[in-house]
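Student: Residues per chain, in single letters:
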Amino acid sequence: MKISDEAERILRRKAAQLYGTRKGALSRAVEEAILHWASPRSPAENRVYRAYRGEELVAEAATLEELAERLRELGVHPRGLRIVREPPGGEGEEKRLGFRARRVEAWG
Amino acid sequence: MGLSIPLGDSLLVPVVLENPISRKRYPERGEMIAVVDTGYTGFTLVPEHVYRELGLSLLEPHRSTARTADGRIVELRGSYAVVKIPGTGLSWEGLVETAPSIEEILLGTRWLRDLYLTLDGCTGTAVLEGCR
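Protein chains in written order, with numbering that gives the first Met the number 0: chain A, 0 to 107; chain G, 0 to 131.
The set of hints was computed from the structure by calculation and includes no laboratory data.
Using N, Cα and C, we set each Cβ at its ideal position, and we do this for glycine too.
Mixed in with the good hints there might be a few duds.
Listed next, with one range per pair, are the computed distances between beta-carbon atoms [to be verified]: (1) Thr117(G) with Tyr18(A): 16 to 24 Å; (2) Leu6(G) with Glu85(A): 16 to 24 Å; (3) Glu85(A) with Pro99(G): 28 to 36 Å; (4) Lys1(A) with Arg51(G): 50 to 58 Å.
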């Protein structure tokens, strides 16, 4: 295996931070890094987007881009579609707004 | 690839918003500055005109309530869209919301869940990187 000097420098520094300078620290760091990279780390990886017209499921896909492509293939116009995500992205949740949104108003 | 940005009084991030369903982008050219706002617990909050220009108002909105800093309850309307940082490959899909009289693009704490953000006060920089 061959890696760049920059990647090696970062790896050695992180290994020293996490496991000190004892024997095996570098191997352990490499193993951790591989497991971290190969496991489903990103929250985006297990998502499903679904497009509904009323109660009817029109299309579903793993990403919004793929859903858009699928809808175009089906010739579906976006007007009135409801796009839902699993797991949800915060729809229906009560949120907080801070000082920067202090001028927010109710819908007229 | 990540993005290194200077730390000032606010954490400002250059972004582009996209709605793949309607093939709309905001702004049409260039980029906008968004503010990281930990007072907002959603993903991204935008002014109404941005929401409309993205074509999100064509879609049936998700409605939710929000409590303001002064204790009022207001309704947010939202739909899924994409936030990108130009030139970095960094991109997030999430619920982009709006309400009347929102004046800035705010990136909330839900947006922060999908990235590594390193604040380095010693060098006066913040570094944004994707989850992997």
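Student: Run every hint past the structure and note whether it holds.
Tutor: Going down the list of hints, with the structure as the test:
{"no.": "1", "hint": "Thr117(G) with Tyr18(A): 16 to 24 Å", "result": "holds, 21 Å"}
{"no.": "2", "hint": "Leu6(G) with Glu85(A): 16 to 24 Å", "result": "violated, 36 Å"}
{"no.": "3", "hint": "Glu85(A) with Pro99(G): 28 to 36 Å", "result": "holds, 30 Å"}
{"no.": "4", "hint": "Lys1(A) with Arg51(G): 50 to 58 Å", "result": "holds, 52 Å"}
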